[in-house]
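Visitor: Dock chain B against chain A, hints included.
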Amino acid sequence: MKIKSIIIMLLPFFGFTACHSQVKHAKTVVKKVNGNCDMCKKTIEEAGTSSKQYQTVWDVDKKLASITYDSTSVNPDLVLKKIALSGYDNESYLAPDQAYKALPECCQYKRNKPGAVLVKEENTQDTTVKKAESLKVDHVAELIDAYIAVKDALVKTDSKAAAAAATQLLMKIEAVKTDELSEKAATVWLNQVKEMKSKTKAISEAKSIETQRSHFDELSVSFHDFVVELHTGVTLYYQHCPMANDGQGANWISKENTVKNPYYGNVMLNCGKTVETIK
Amino acid sequence: MDIETIFFKKLLLLIAVLTILFQPLHAQKVVRVDLYVNDTIVDFTGKQKRAIAVNGQIPMPDLVFTQGDTAEIHVHNLMDEATSLHWHGVFLPIKEDGVPYLTQMPIAPHSTHVYRFPVIQNGTHWYHSHSGMQEQIGMYGNLIFLKKTDDPTFRKGIDDLPEIPIVLSEWTDYNPDNVHRMLHNATDWFAFKKNAVQSYREAIQAKHFGTKVNNEWKRMLAMDVSDVYYDAILVNGQTDTQVRRIGMQDLKAGQKVRLRISNGGASSYFWLQYAGGKITVVANDGNDVEPVEVDRLIIAVSETYDVVITIPSDSMSHEFLVTTEDRTRSGSIYFGKGIKQLSQPLPRLAYFEGMKMMNDMMKMNGRLDDMGMNMSLNQMDMNVVMYNEITGKVADDDPNRYNANKLGDIVTLNYAMLRSTVPTELPKGEVKTLRFELTGNMNRYVWSIDNKVVSETDYIKVQKGENLRIILYNGSMMRHPMHLHGHDFRVLNGQGNYAPLKNVLDIMPMETDTIEFYANAEGDWFFHCHILYHMMSGMGRIFSYENQTPNPLIKNPDYARRKLYADDRCFHAMVMTDFATNGIDGEAMVQNTRWSLGSEWRLGFNDMHGYEVETHFGRYIGRMQWFMPFVGFDWRYRKMGMDEHEKNLFGQTNTKDIRSVFSIGFNYTLPMMIRFQAEAFNDGVVRLQLMREDIPVSKRMRASFMVNTDLEYMLGLHYIINRIVSLRAHYDSDMGFGLGVSVGY
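Residue numbers (our numbering), protein chains in the order written: chain A, 160 to 438; chain B, 11 to 755.
Quick caveat, the hints were computed from the structure, so don't treat them as lab data.
Careful, some of the hints might be misleading.
To be verified - Pair ranges (Cβ atoms, derived):
1) A:E435 to B:Y678: 48 to 54 Å
2) A:K186 to B:N732: 27 to 33 Å
3) A:D197 to B:V223: 42 to 48 Å
4) A:E435 to B:Y729: 55 to 61 Å
5) A:D197 to B:R377: 55 to 61 Å
As the list claims (entries may be wrong) - In silico BS3-like links for lysine-lysine, alpha-carbon gap of 25 Å or less:
6) A:K186 to B:K57
7) B:K262 to A:K272
8) A:K269 to A:K201
9) B:K709 to A:K211
10) A:K211 to B:K471
11) B:K288 to A:K260
12) B:K347 to B:K105
13) A:K241 to B:K347
14) A:K183 to B:K57
15) B:K266 to A:K272
Claimed, not checked - So the derived list for chain B, only partly shown, Cβ under 7 Å to chain A, looks like this:
16) G56
17) I349
18) K350
19) Q351
20) L352
21) S353
22) Q354
Virtual Cβ for every residue (Gly too), placed ideally from N, Cα, C.
Isolated chain B, as found in the complex:
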């Protein structure tokens, strides 16, 4: 044998060995997926509405890859609007992250974009559109990275169970852009739909009149645990489904099933409970945790949980019930064959108990006071005061209707119960600490961090290779699921080195939580509240690595940043006008986070009643935005008639017949939500005014009043017919008594 042959044989052997080594690793396996994004019409509620379907379906198809694959996803945008896809919880190069104007330009209408990234982790994740409100109308789906069977962390009895992906979501018949606008105009229409207006009449009936007065004294609108009313809850795109088999196998008694659940809802938290027994939590946000058995858990917006349930019977199916946190709607999925065993639905929230609790926690300056309770990690849920199944207070006449004590035994998951299966401590080195306070203002629907929205702040600089610790305090009145792109963080929850890894942290009002992560992924990463309407209002920050290579997909960074900031700078319009027997009253306003431009008019039907238009342009100041200085212009024309007041309270002459003046002044919201307005005109006249609109007298009845130093006054009552139309009766000192119809947008 000569040397050449030996060499050749050795080479062959080497190639053979290498082939054997690499084959099971799928090292070069590229998995291609084609997604076709298109408009569609859906009917979830008996009404036909526009939605977006991908490959013809809602939710988007389940995407399954195995760790080690390279994912290659071709997105074909067939719509007339731009889109994007974000891979939630996935470690990937920044240009694949899918945030339009931050990590890439939007996928233009009728074009194709390719996302390509190696799959370097396993677990349950999901994907969704990051463009506008598309996530609300269908663009969400499950994204699963399977563990390789030879993975050292492969858990027998968990990772080899039959499994089923579940994506939860909600549906509203309103256009989500309109939902966003309505929220910014402090509509109580959603509360109306939920039967949660919490009016004075309802307060008196519930023996909580004092609570209601105290609540308004502290300048709070009726409280609720969620902002938006939804028409349907969808579990894998359906309100009610039955799973009889997984793969080709029928579900059998005693069998365990793993559910990979992601919350693809735009703004709903969901309670999960199972009629067939306990729920065992085995992973969270795509990371394994030590199995923990609970009776129920709440899944925050955009979180994922892997849970294991047992099929109790061959001849019955058991309901897995998904209920919104506000408990107005639920969706069901039944496991097994046969007659359906229902789960006990969650009782309605005791709103006035919640209001009372909120009053106790709210200081007069609008800040929250936790009474020294050091809340964290969802362990102490103040909302429990509203949960009848725990407190046992049932509005029914029969006090023994529910055995509350038994129900007090319900075990609810909280973050302190999560323990990672592997050590998660950070590499040794300096830890840089950042503190953020989550801030917000329900009345004006402004959501921010340290009272600044995304467009009002610079990017936060991060150095590659440093450890970052973030201490979050929620000083707002709502809970927020805070999501970090491109990284997992560990949540310091008392489990030491085994602190669980997450990429979404739900933080309740008054809680303080600490998270930390190793900064190892270059790029500009979004950190934001995952409630869609909070994110669009600017509740977020951007972590930007220093000295990073420019993102090739962002060719014009200045332009891109302007477009990114446009989201929370957006102005929201409202118009309300009244057509009454004594004239036409109304107002129109456009407002954004800080600025407000508004006009009010009172148009009589004759010269004697007069015509008047007042316009104000102002800026909201401070965290609670109670104070708004403005400049204005006022025009009126009137032939004096029935109600002559030539002089005002200060003895100043006020020529009402024709007046066109500039003014400066301010609005200030007083306790009881009364708006105090002081205005000085360029002719030297000063006017002080008190007014309040929308006093909730009963579920459908609202009262309003106005009185000022020009000795003008108004009293009104309106009765809500629907979202747009009300019947209104009012008495105005200028125009007398009027009956009419009020129309609002």
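The following block holds chain A by itself, in its conformation from the complex:
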């Protein structure tokens, strides 16, 4: 009888400890953690909880997280780091931009990062200076850039962007004047321009990325024949992927020596090599 009553008396205590039983040597701190809504609450608490080691409860209104942790093995900073990696800025850590952007739209709270813009400011200044210097329109350079834009869209396996870039490229092809070219380049231009126009048009109208890529292969061959005669002073790289086109291989022109394959995009991004350096 006695034992039974003691157990009954103790029961509430068991119940009480059960709530906190997971974390031993528990200590609790309260830290500021940014966020918006109940969805944020779920993410923050999931990131800030590891059974037996630490638990986090986040208050939506006060934007405060109370972190209970095992004081013998856990540093509360570790918990804040995990919360930041899930996308939420807090007292000790700022989330990586990528993690923040990956949050659902309703969760993208207003960030107030301290003075992180220094590098960007410098960059914008640089570009304005450059723009001021080169007011004269260089049709050939614009043509090359427009081609590169199509390539980059294909690298990203972005069919819509590729079509849009091809429309731009078509305009740039129209803009090229043969009297701005050397005699040799002009000859090649006149030989290739029809082919270039038709392939570019095909890319801009194609619905699937596969069709665009097969046209781009042919466009690149014509484009290469023209570009080698230019001698613009800008280094270009003629690159080749042996696996594209069902193993027949395909080429493209790039401004960088590193390979970013437009025929496979993300699947085999680095497949290929530079076969010719054009100066």
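Guide: Frame of chain A; chain B shown alone:
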């Protein structure tokens, strides 16, 4: 004035001029360092473990000399075991190179050894123990040779930046000798710890069942980019540190900082990335390169990189993140003051994508097929198929979770982007070409060159004054950081006369790379894979100059060579036994590169179940080591009972009651990793057997089976509790159904 005084005055003048000339050159400056090597106990993970500290610290102290100094390093070995120190990437006399039994005898316990060499180069190097596994447990440190300020190659804006040495390393709570033994016994415990077992259940969940079957059909174990699981990643000996100031100066917004990074890890490659922007690479392996801006780079085991980063802000610090290639662990160092801006961690590897890629590249005979892609210089990384941040395939439900296209823009460094700041062409003359194929066998953890380990080859003869060109092809399934002692080589990477100088070349599977160097330093120089466990398995060669003066530190060359060869001849033991309700099953094996001695036992609890011991001694043949002929001895005793098979499948009588016979036979690994065994006994009985153990059903569950022409069979399942203990249920045709505990070492 008489002649004597004039002469005296002239002499004085001459002395004065000479003094002025030589003072800035530090020509005679001897810099002495004392290093005290001692055992210590560390706690990186909450467990106290043995490590080795030098001058009481891990990593070993940063050693800084200026070009032109003479380094004099007194090593006091206070331990009960021998040690040595190798000066990685340094040009020095052979007897100072620090490879025990090759360039010197080991530094005996409780003795002192002095290394003394003139510093004739500049750059970031490092130093480490070359004895056993000591490098894994603390014996690594930075070694920096500063440029003199009047050096013609001194680069303003780079060489005068505030700088900080960083040595990267990893920590395992297991004794590294045990790690080595486990690797040789094809343990999947490390994969288990990384959650990368790649079992059938996981394959089905990832819709890659066919990939897994194809993988096993081609006789491959689950693939990974690294062999060992580590418990912590250390940046200058800590998992997480903040650098607020360098010297006495606080870091300010806009300031550039040079990091001198060396990878002192025993077997880990590290990805380097910086939350504060791009990383500018300015030197590699202690040699200047033209600055090149990248988003990230991988630093191979034992490489060094000098990089410049910019501090973006006065009120925030930015994370420089160091992640192992397998992405299971990372270490952080924050630059600047204030709240910490984190870097986006690298997502987990997509293992089954990697497995699929490996299947495509693997031919049925175990060789690799590069599909005509002529890979070289890390330019084409096949592992990219496993990198979610590039491929954008995220296992999450929400397809828009990451903007993969944006991430595809990440610029990763490769060797073709390195360009020396000075011409590096070799002196005119004949070029001798050597070809090596890097070979290996993951299943048995044998790593070799041209399928031969160090002890199976002679030294490679080199003539002083000749140019050597080495063409390396990696035909193995792992990448290898190949390191040459005592020389820098130029890597032919399309930069012509400005090919970069290196002393470590990371070469990925199926790549072919060409390196060349001018042989100008007499001695016996080690050329080896710098992954500690590959080196200890014998992946290396020794370049030996002809007609060299004998090394005074090697008094007995024959003895020294035997000791040197002992490393890769070492036998590795394993024991596994099962205590079950129907008897005790088990096996014990000792194996090395080629030889195997193993014994299996099945002991029942009564005469009817019987007792049986089979012992085999064999040699593995061929590159893939699928074939092993052996001789054996078999003893059994049994009172026939429940499962009587007096005759085998071939109608031969098999007296099981008491039998003690010799045998010859062979093992052959079939597709699906099934071991076929054919054995003929001296009483004329022939037995054929098929068996497979450790079929990965799920992360913790393994299945096994055996069937033979004596009409015996066994089916089993075990559930892994921890590294040592499993629960096992099996049915054996001799002993019936049993439940028990299996214990393995």
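Visitor: Give a verdict on every hint.
Guide: Outcome of the hint check:
{"no.": "1", "hint": "A:E435 to B:Y678: 48 to 54 Å", "verdict": "holds (49 Å)"}
{"no.": "2", "hint": "A:K186 to B:N732: 27 to 33 Å", "verdict": "holds (30 Å)"}
{"no.": "3", "hint": "A:D197 to B:V223: 42 to 48 Å", "verdict": "holds (45 Å)"}
{"no.": "4", "hint": "A:E435 to B:Y729: 55 to 61 Å", "verdict": "holds (59 Å)"}
{"no.": "5", "hint": "A:D197 to B:R377: 55 to 61 Å", "verdict": "holds (57 Å)"}
{"no.": "6", "hint": "A:K186 to B:K57", "verdict": "holds (22 Å)"}
{"no.": "7", "hint": "B:K262 to A:K272", "verdict": "holds (17 Å)"}
{"no.": "8", "hint": "A:K269 to A:K201", "verdict": "holds (18 Å)"}
{"no.": "9", "hint": "B:K709 to A:K211", "verdict": "holds (23 Å)"}
{"no.": "10", "hint": "A:K211 to B:K471", "verdict": "violated (61 Å)"}
{"no.": "11", "hint": "B:K288 to A:K260", "verdict": "holds (20 Å)"}
{"no.": "12", "hint": "B:K347 to B:K105", "verdict": "violated (46 Å)"}
{"no.": "13", "hint": "A:K241 to B:K347", "verdict": "holds (20 Å)"}
{"no.": "14", "hint": "A:K183 to B:K57", "verdict": "holds (18 Å)"}
{"no.": "15", "hint": "B:K266 to A:K272", "verdict": "holds (21 Å)"}
{"no.": "16", "hint": "G56", "verdict": "holds (6 Å)"}
{"no.": "17", "hint": "I349", "verdict": "holds (6 Å)"}
{"no.": "18", "hint": "K350", "verdict": "holds (5 Å)"}
{"no.": "19", "hint": "Q351", "verdict": "holds (4 Å)"}
{"no.": "20", "hint": "L352", "verdict": "holds (5 Å)"}
{"no.": "21", "hint": "S353", "verdict": "holds (6 Å)"}
{"no.": "22", "hint": "Q354", "verdict": "holds (4 Å)"}
Consistency note: the structure conflicts with the earlier hints numbered 10, 12.
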